[in-house]
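Protein chains in written order, with full-length UniProt numbering: chain A, 1 to 984; chain B, 1 to 984.
Honestly, the hints are just simulated from the structure, not real lab data. Don't take every hint at face value.
Intra- or inter-copy, both count: the list cannot distinguish identical chains.
What the hints assert, rightly or not - The calculated DSS-like cross-link candidates involving lysine-lysine, where the alpha carbons are at most 27 Å apart (straight line), are:
| no. | residue 1 | residue 2 |
| --- | --- | --- |
| 1 | Lys946 | Lys553 |
| 2 | Lys116 | Lys88 |
| 3 | Lys123 | Lys88 |
| 4 | Lys37 | Lys462 |
| 5 | Lys662 | Lys439 |
| 6 | Lys515 | Lys740 |
| 7 | Lys892 | Lys458 |
| 8 | Lys348 | Lys568 |
| 9 | Lys672 | Lys351 |
| 10 | Lys672 | Lys317 |
| 11 | Lys405 | Lys317 |
| 12 | Lys740 | Lys815 |
| 13 | Lys238 | Lys284 |
| 14 | Lys103 | Lys317 |
| 15 | Lys317 | Lys609 |
| 16 | Lys584 | Lys740 |
| 17 | Lys740 | Lys402 |
| 18 | Lys672 | Lys769 |
| 19 | Lys553 | Lys103 |
| 20 | Lys515 | Lys324 |
| 21 | Lys662 | Lys769 |
Note that the structure is a prediction, hence the values are computed from the model and not measured.
Each chain, written out:
Number of protein chains: 2
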Amino acid sequence: MRTSATTLYFLLSVYLVRANPIETSYKASCEVCHPTKEGYTNVHLIPHTHDDVGWLKTVDQYFYGQRPDIQKAAVQIIIDSVVDELSKYPDRRFIYVETAFLKQWWDIQSDERRAKMRTLIEKGQLELISGAWSMHDEAVTHYHSIIDQFTLGFGTIDQMFDGLSCAKPKIGWQIDPFGHARETASILAQMGFDGLFFARLDHQDRARRIRDKEMEFVWRASESLGNASSIFTQAFYKHYSAPSGYCFDLVHCNDQPINENPNSGDYNVPNRVNSFIEFVNSQKDTYQTEHMLVTMGDDFTYQQAASWFDNIDRLIKHVNAEQKNGSMINLLYSTPSCYLQAVHRADKVWKTKSDDLFPYADGDHSFWTGYYTSRPTLKYMERRGNNLLQVCKQLSVLAELKQEKWEDLDSLREAMGVMQHHDAITGTEKQHVADDYAKMLHKGMLDCAATAAKAINKLSAKITEAPTVNYESCLLLNVSQCEISESNDRFVVTLYNPLAQEASTYVRLPVQNFKYTVSQGSVPIATQMLKIPDHVLRVPYRTSTAVQELVFKATIPPLGFQTFYVTKTAEESAVPAPVEDDGKFTIQGNLIQANVDPTTGLFESLYSKQNGLNYTGLSQNFYYYLGSNGDMESSQSSGAYIFRPNGNATVINATPEITTFKGELVQEIHQKFSDWVSQIIRVYADNEFVEFEWMIGPIPAQLRLVDPGKEVVTRYLAQDLVTNGVFYTDSNGRGSIERKRDYRPTWDLDLKEEIAGNYFPVTTFITTKNETEMTVLTDRAQGGTSLQDGTLELMLHRRLLHDDGRGVGEALNEKYEDPNSGVSQGMIARGRHLFSFAPISDALGTTATAKARRWSRDNMILAPWAFFAPTDLSDAQWLENYEVVYQGINNKLPENVNILTLEPMKGGEEVLVRFEHFYEPNDDPALSANSLVPIYNLTKRFGTDKMIEEMSLGANRRLAEVSSSRLQFRTDGAGAEKERNIAP
Amino acid sequence: MRTSATTLYFLLSVYLVRANPIETSYKASCEVCHPTKEGYTNVHLIPHTHDDVGWLKTVDQYFYGQRPDIQKAAVQIIIDSVVDELSKYPDRRFIYVETAFLKQWWDIQSDERRAKMRTLIEKGQLELISGAWSMHDEAVTHYHSIIDQFTLGFGTIDQMFDGLSCAKPKIGWQIDPFGHARETASILAQMGFDGLFFARLDHQDRARRIRDKEMEFVWRASESLGNASSIFTQAFYKHYSAPSGYCFDLVHCNDQPINENPNSGDYNVPNRVNSFIEFVNSQKDTYQTEHMLVTMGDDFTYQQAASWFDNIDRLIKHVNAEQKNGSMINLLYSTPSCYLQAVHRADKVWKTKSDDLFPYADGDHSFWTGYYTSRPTLKYMERRGNNLLQVCKQLSVLAELKQEKWEDLDSLREAMGVMQHHDAITGTEKQHVADDYAKMLHKGMLDCAATAAKAINKLSAKITEAPTVNYESCLLLNVSQCEISESNDRFVVTLYNPLAQEASTYVRLPVQNFKYTVSQGSVPIATQMLKIPDHVLRVPYRTSTAVQELVFKATIPPLGFQTFYVTKTAEESAVPAPVEDDGKFTIQGNLIQANVDPTTGLFESLYSKQNGLNYTGLSQNFYYYLGSNGDMESSQSSGAYIFRPNGNATVINATPEITTFKGELVQEIHQKFSDWVSQIIRVYADNEFVEFEWMIGPIPAQLRLVDPGKEVVTRYLAQDLVTNGVFYTDSNGRGSIERKRDYRPTWDLDLKEEIAGNYFPVTTFITTKNETEMTVLTDRAQGGTSLQDGTLELMLHRRLLHDDGRGVGEALNEKYEDPNSGVSQGMIARGRHLFSFAPISDALGTTATAKARRWSRDNMILAPWAFFAPTDLSDAQWLENYEVVYQGINNKLPENVNILTLEPMKGGEEVLVRFEHFYEPNDDPALSANSLVPIYNLTKRFGTDKMIEEMSLGANRRLAEVSSSRLQFRTDGAGAEKERNIAP
């Protein structure tokens with residue numbers, strides 16, 4: 001038992017706080033693997049199904065098999081069928097991956113069926129692989145949510161099987177995601193996984209690796225963390241399907257089953273055996289060991305598992321029978337774990353890799369870089385979902401709520417788990433599925449907010465008879481709409497801060513044209529009114545009476561809240577008019593000043609009041625690419641997955657209309673580029689960055705045949721920045737990763753798509769630098785690049801009229817339909833970039849990147865969350881009834897440590913806490929150092945009567961057990977010196 | 001125990017001869033039906049699968065699921081899946097029909113799986129329905145083979161389940177056959193079935209019956225047999241599919257599964273429940289009782305039974321839940337037996353029917369009368385298969401062979417069982433399937449012949465050291481080809497007679513151009529040489545050195561054989577030349593003389609030497625219809641199923657070339673109508689009928705788009721016969737049934753296809769009469785009609801170039817491909833008609849029809865079978881070693897009784913014998929009378945130490961048990977007086 005956590009740079013430390021030590025029910029038999037044969041090519045057949053947690057159909061449609069007209073896929077039946085077929089013959093093996101579906105199945109099973117599945121797991125016949133709620137996308141997901149959804153999956157599995165050791169996943173199985181992130185590899189390693197398997201990598205990379213026998217390697221996923229974040233990785237030879245001709249799926253395939261009755265006219269054993277042997281011979285030399293992994297399955301296969309198992313049974317029997325004729329091929333049922341153990345036993349020295357696997361291209365003209373941006377509003381909503389989920393989970397712990405209903409927390413936990421799926425947040429699902437995701441997420445957010453409201457009520461009540469406050473969240477604040485602030489004379493705003501540090505924020509309340517007072521503990525505070533810009537007022541689905549926004553600055557304690565009391569006065573207030581500018585178009589706060597060129601109306605320079613430097617030669621504007629519909633070189637269209645522009649980008653308007661609004665708290669320049677492109681450039685009084693709040697849409701679109709669709713980007717330019725093609729993007733919002741134009745670190749790139757092929761996923765930031773660093777933080781995932789030195793380009797929104805041929809079968813043509821008129825028009829997206837231009841490290845030595853990461857966390861990822869409630873009480877009465885300020889942790893944590901997770905487990909019986917050291921070794925002279933965090937008494941839930949156990953990242957296994965049992969693979973030495981530096 | 005059989009007119013009596021009495025293992029629980037609710041509409045949901053024993057794929061392809069590209073259908077998996085899913089919930093029910101597949105499944109199951117199925121049967125969850133080897137066609141099958149294939153199915157079931165009473169089928173389930181035969185109904189009744197269900201009947205008949213609530217009726221299937229051959233019959237409302245929108249098949253359907261999770265965005269219980277209730281309401285008033293049968297399944301459904309059962313579970317639950325809201329609909333899992341018991345309990349008075357259900361039309365222009373003739377060579381081969389099978393089975397009993405291998409008898413038994421399937425003998429299967437059937441049947445015939453050879457060896461060996469004779473069958477005698485007779489100097493022909501009466505036949509041996517002697521027990525007998533006609537010599541797939549046929553007459557004891565010894569002399573023999581006719585073109589034997597018009601070359605008159613009558617005004621010629629490709633009235637094409645001529649028939653040649661050959665044993669006129677139509681008119685010395693041996697093909701066919709294909713018919717005309725549109729055809733080769741042109745007995749026919757709609761199935765004969773009767777006997781099933789008074793028309797061969805849209809997806813364009821040249825041409829068919837023109841009863845009072853039926857039996861169905869063997873022995877040596885004459889039964893049976901079946905059961909442990917009284921009440925003054933047949937000592941296997949038990953027709957239940965337990969249904973009185981006449 002440890003009473004405090006030593007957090008080393010960039011480490012995630014995980015603790016479970018509970019009344020009693022963890023008991024795991026352990027069954028040794030689950031590790032039984034079929035024996036392999038030395039000297040033979042051992043072909044590990046891995047029966048599997050790939051069950052998208054939504055794609056062409058919604059999650060529930062997939063589970064129940066509804067809409068068979070779209071896709072014949074019923075996951076309930078897959079699991080049923082596999083359980084039955086495994087039970088028939090103990091030799092058979094299967095892996096199951098998606099816990100979202102497994103749980104849905106489990107919930108409607110009898111005890112007998114549940115026990116049957118448990119038995120299969122205990123016998124090692126069924127192996128739960130990966131175990132997250134869904135198979136997350138790796139490009140556009142944030143590590144916070146990745147970890148959460150693994151935790152949800154693992155916890156669910158522990159709950160189903162009562163902590164059964166055999167049931168705990170030990171393998172990463174990212175077979176379908178469209179490229180692979182280094183941070184994902186790191187997370188999987190830290191969860192204690194022994195290996196990582198996937199199918200998709202750049203086709204040129206694949207060809208090179210097959211040639212050089214490097215389909216297997218050890219991925220060194222973090223320099224900071226060394227071996228703890230290294231993971232053995234294997235890319236499949238081709239895809240995750242069964243070998244060509246050997247897909248035995250009754251529903252989806254047309255390959256020939258094996259007829260082993262020699263009396264039959266259709267007996268085909270020799271033919272089926274020989275061509276399988278040919279297949280094995282064609283691939284076996286690609287691998288370093290005498291083991292070869294062959295996936296036997298595909299999307300939604302095994303709805304009738306018998307058709308697979310019967311035939312694989314026969315295949316094994318008859319191929320192995322050839323051994324007596326001298327064949328050196330040995331087939332066996334296996335799982336990735338068994339395969340990995342066999343590979344591990346071979347004790348080879350493996351190559352390493354330390355970059356990532358983006359972008360993914362499956363053809364010279366097919367870069368899967370469009371989905372980095374596809375469905376920008378869904379991507380934003382997901383990010384808001386995470387923010388709220390952390391708020392609810394923390395509040396739930398702090399208020400010691402009992403988790404009783406699914407709606408308490410699981411509703412949003414699960415919705416967020418679903419959203420991480422590689423056809424959810426990616427935007428590569430059908431429209432009706434995207435709608436269902438949004439609905440599910442919305443429901444989750446409402447449920448979660450209700451739980452948070454319950455917690456705030458409990459934590460804030462000063463007296464027992466304090467009336468319950470009906471707190472609500474305003475989920476449409478990004479179109480300046482909030483029913484409570486708009487239509488009440490008196491209301492409160494309680495801001496909760498999910499950071500372990502004090503937080504400041506500028507609150508913006510949509511209000512009518514009256515004057516308002518805001519008081520904090522009966523003391524009125526400074527406010528400012530701002531006109532809601534015309535382009536927002538025009539948004540067709542906005543139904544609001546608000547015409548202006550009431551702005552004030554709030555400061556909130558760590559893991560705490562602060563309540564503000566707002567009163568509408570009787571006095572009307574004219575909507576603030578633009579200032580008559582002196583021709584300079586300058587906006588500023590206490591730290592910086594941003595300037596717009598009066599001639600062009602475009603951003604032109606930035607002045608730092610802190611260091612006195614004036615950065616000129618800057619600019620920013622909007623452009624669009626026309627999507628390709630295919631051309632002479634390739635029929636590839638631009639679509640939901642794939643970005644393929646037809647030529648260079650066209651500027652939308654080089655001289656936008658501008659108006660300026662100024663005040664003490666915030667100053668803004670509103671730019672109108674066209675009917676469908678507008679922007680606010682904004683500087684808050686105390687912020688070091690400039691906000692660019694863009695709004696795009698409806699992107700004009702004509703008839704499908706004549707219009708290829710448009711993909712809108714913004715470009716930030718620093719004229720004098722010599723960057724040699726190098727820029728940086730984040731990896732799942734955590735570490736940063738170097739990118740170089742027209743280049744890949746691990747093979748000689750032959751680049752046929754010079755724009756799309758230089759796009760990379762930007763989860764939270766993109767940066768480029770020389771002595772100065774230009775950084776753009778995003779409020780959601782976007783595709784980004786630097787096509788010329790000194791530029792950063794981010795794709796904001798896409799509307800395309802052709803499908804790109806990767807299965808979704810729809811053009812990415814998001815529309816809003818007016819429920820009254822029935823008229824539909826393209827989707828509008830609005831969002832913010834935080835722009836910073838600064839020396840690569842500041843006076844204290846903090847790198848601009850580290851600061852940017854922190855701004856992202858504070859403003860985008862874990863921003864304070866506002867709860868609104870109308871009230872009949874006066875300000876004074878309010879103070880009699882309620883605490884207006886609350887701090888959840890007893891002591892402020894060291895500045896370099898954050899609480900990544902604070903959440904109730906097992907219905908509140910246990911508490912999970914994750915501490916995150918937020919800085920890499922060279923980020924900051926002071927903050928990069930170790931810190932000691934006292935865990936006991938961190939909150940009142942962490943009493944000394946509790947057990948505190950240090951866990952692996954996924955919170956389902958003790959760290960010590962993982963560290964001692966994880967398979968170690970020898971590497972060729974690169975990065976080996978780091979191994980000495982890993983955390984104890 | 002009965003020691004002798006009283007056989008009443010036309011009755012089939014069945015006995016099992018065995019060492020011990022039959023023990024059946026009886027489980028009362030299998031009759032458990034779910035309770036119904038009085039006052040409610042009880043909807044009996046019948047989960048079922050319809051598994052064609054070959055159609056688009058071969059039997060084995062269907063079983064193993066091969067060729068999924070053609071059809072996703074794997075019966076092994078269906079049965080597996082159903083067993084698993086039934087085992088999960090005891091409420092669930094299923095029926096299984098095709099024993100051919102059930103056996104194939106059973107053979108590869110573990111004891112545990114077998115026990116599981118047995119348990120399901122004992123619990124009444126799984127009901128074996130119909131239970132024949134396949135679901136036989138009813139138009140073109142012979143009762144002999146129908147009974148055999150039920151016996152095979154029943155015996156197999158008894159063997160699998162150890163005589164379990166619950167497993168014995170009690171319901172006829174002819175859901176797919178294309179029309180229904182009265183004789184089939186009679187057979188099902190005599191097997192003890194309680195009811196008969198089917199889907200297909202003429203669309204006008206259906207409409208009338210729905211209107212008059214006569215979809216249920218009691219079919220009085222034989223006047224002679226009364227109640228014993230009456231059966232409750234129900235036609236389905238529409239088809240045997242699930243109700244529209246409720247096909248829950250994962251593989252074949254796209255209907256919406258039920259999502260019963262109210263939290264789901266795709267919850268659809270109300271919608272699914274309401275539209276099912278609407279469906280029930282739309283049909284329930286069609287039925288006489290408050291019970292309604294709803295089939296839940298279709299072709300090859302239930303490959304994933306869970307998708308059905310899960311959804312039916314939910315449907316029952318939620319529809320019945322509406323009862324609390326006043327719904328009067330009650331859903332239940334049921335089986336046809338349970339449904340029938342409920343209907344029986346209602347104790348209604350039912351309408352009766354005594355005709356049959358041919359022809360079947362599913363549209364005004366869609367008469368399924370083409371398949372009566374489709375694939376004539378396969379239809380002929382099947383009939384030969386039956387002939388041989390009876391020979392082998394009898395010989396097997398007589399020689400007391402032990403059945404050890406599948407090849408002994410089961411090979412042909414099963415092949416014949418398969419051939420009865422309604423897409424086998426019908427010719428409505430794909431070409432590659434037809435090829436597989438032929439291959440299977442050929443293999444069966446070779447196996448069976450080998451068994452017969454073994455028996456003959458055993459029965460004929462005079463001395464223990466007699467060398468084994470390598471008897472072979474010559475299966476290509478119909479193109480005058482037989483390797484043994486052609487290429488050996490000395491050989492024997494042993495003819496076996498499967499009749500219980502002495503048989504005479506004219507043997508024709510293909511030989512080279514030498515002289516031959518034939519001796520019977522060392523005595524040379526009369527022979528005659530005949531030229532093999534040119535049109536046979538030209539057949540491209542004939543590979544023979546024979547140029548002439550050696551003819552002799554053989555007489556063989558009942559159930560016995562006679563060996564003939566044949567010696568080739570050194571002397572060459574010129575092939576017999578045509579006689580120089582005196583211009584009369586007359587051929588004759590001892591009983592009749594047939595005359596051909598010297599001008600036209602066509603048959604013109606018949607003279608009977610027995611009664612001295614000369615019948616003139618006769619004629620016969622060949623015609624063809626052009627098949628329709630669809631026209632303004634309907635897009636219906638003529639095809640494998642459907643006959644739709646485009647206009648009237650065209651004569652092929654009104655003046656054929658003729659040549660005459662005369663001899664003591666036989667006289668022939670060879671007619672050449674064209675390159676592809678030829679005929680021999682033949683009179684044997686001692687026969688009362690004229691043989692017309694036709695050969696058709698290759699039917700010329702051009703490119704598909706321009707050529708509709710041709711359908712070739714022969715017409716027999718008796719100019720002066722006034723028949724008032726009435727003619728008669730047989731029903732499955734047994735009773736005859738009256739047909740009337742442009743008329744149906746049970747509804748007002750609105751006939752849009754005056755040719756096709758007057759076609760009826762002719763299994764063995766067609767006849768029309770006034771005082772004189774004109775009868776044509778066929779050697780295979782053919783479509784036949786009488787389009788004008790005094791004519792009989794039979795369709796001989798069809799070649800069509802368009803598919804007729806009933807699923808087979810191929811044009812009926814049979815071809816023979818030369819293995820050397822690769823050139824393909826249309827299939828040639830050759831066959832015989834026996835033609836008789838005589839007073840309706842002869843001097844003894846025997847009706848012409850009864851005589852015709854007997855000729856058919858003696859010459860076509862149970863003809864003597866020739867076994868050939870080369871020999872090194874001299875005639876004398878042969879006689880030293882072998883008996884050359886053998887009689888299997890100790891006493892000749894009464895002339896009106898035949899042994900329909902004599903076969904070993906349970907590997908030879910038991911013997912099954914069926915006696916058939918061959919005459920209907922008015923057939924013959926003497927022969928129609930009762931006869932007494934001594935059973936004990938019939939053969940030496942029938943010793944008095946044996947038990948003899950009288951069985952129902954299917955030989956799986958004691959007759960007494962069946963008679964006492966069969967459900968009796970009250971009828972409206974029509975035919976009720978007959979009920980008093982049934983056999984005791």
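Evaluation of the provided hints:
Taking the shortest alpha-carbon separations for lysine 946 and lysine 553, neither the intra-copy value of 39 Å nor the inter-copy value of 108 Å comes in at or below 27 Å. For a Cα distance limit of 27 Å, the shortest separation of lysine 116 from lysine 88 qualifies both inside one copy, at 11 Å, and across copies, at 12 Å. Taking CA atoms no more than 27 Å apart as the test, lysine 123 paired with lysine 88 passes in both settings, with 13 Å inside one copy and 22 Å between copies. In the homo-oligomer, the alpha carbons of lysine 37 and lysine 462 never lie at most 27 Å apart, since the shortest distance is 72 Å inside one protomer and 62 Å across protomers.
For a Cα distance limit of 27 Å, the shortest separation of lysine 662 from lysine 439 qualifies neither inside one copy, at 38 Å, nor across copies, at 93 Å. Taking identical chains as interchangeable, the C-alpha atoms of lysine 515 and lysine 740 are never at most 27 Å apart, the minima being 53 Å within one chain and 99 Å between chains. When the C-alpha separation of lysine 892 and lysine 458 is checked against a cutoff of 27 Å, the pair qualifies only within one copy, where the shortest distance is 22 Å, while the shortest distance between copies is 105 Å. Within a single copy, lysine 348 and lysine 568 get their C-alpha atoms no closer than 73 Å, and across copies no closer than 81 Å, so neither meets the 27 Å cut-off.
Within a single copy, lysine 672 and lysine 351 get their C-alpha atoms no closer than 53 Å, and across copies no closer than 84 Å, so neither meets the 27 Å cut-off. Taking the closest pair of Cα atoms, lysine 672 and lysine 317 never come within 27 Å of each other, the shortest separation being 71 Å inside a single copy and 60 Å across copies. Taking CA atoms no more than 27 Å apart as the test, lysine 405 paired with lysine 317 passes between copies only; the shortest distance there is 26 Å, against 50 Å inside one copy. With identical chains, the CA atoms of lysine 740 and lysine 815 are never at most 27 Å apart, being 36 Å at best within one copy and 67 Å at best between copies.
In the homo-oligomer, the alpha carbons of lysine 238 and lysine 284 lie at most 27 Å apart inside one protomer (13 Å), although the nearest pairing across protomers, at 56 Å, exceeds that limit. Taking the shortest alpha-carbon separations for lysine 103 and lysine 317, only the inter-copy value of 23 Å comes in at or below 27 Å, while the best intra-copy value is 35 Å. With identical chains, the CA atoms of lysine 317 and lysine 609 are never at most 27 Å apart, being 77 Å at best within one copy and 73 Å at best between copies. Proximity of lysine 584 and lysine 740 under a CA criterion of 27 Å is satisfied in neither setting, with 37 Å inside one chain copy and 106 Å between copies.
In this assembly of identical chains, lysine 740 and lysine 402 lie within 27 Å of each other by CA distance neither inside one copy nor across copies; the values are 50 Å within and 84 Å between. Taking identical chains as interchangeable, the C-alpha atoms of lysine 672 and lysine 769 are never at most 27 Å apart, the minima being 30 Å within one chain and 99 Å between chains. With identical chains, the CA atoms of lysine 553 and lysine 103 are never at most 27 Å apart, being 44 Å at best within one copy and 81 Å at best between copies. Taking identical chains as interchangeable, the C-alpha atoms of lysine 515 and lysine 324 are never at most 27 Å apart, the minima being 92 Å within one chain and 58 Å between chains.
Taking the shortest alpha-carbon separations for lysine 662 and lysine 769, neither the intra-copy value of 31 Å nor the inter-copy value of 113 Å comes in at or below 27 Å.
Violated hints, listed in ascending order, are 1, 4, 5, 6, 8, 9, 10, 12, 15, 16, 17, 18, 19, 20, 21; each of the other numbered hints is respected by the structure.
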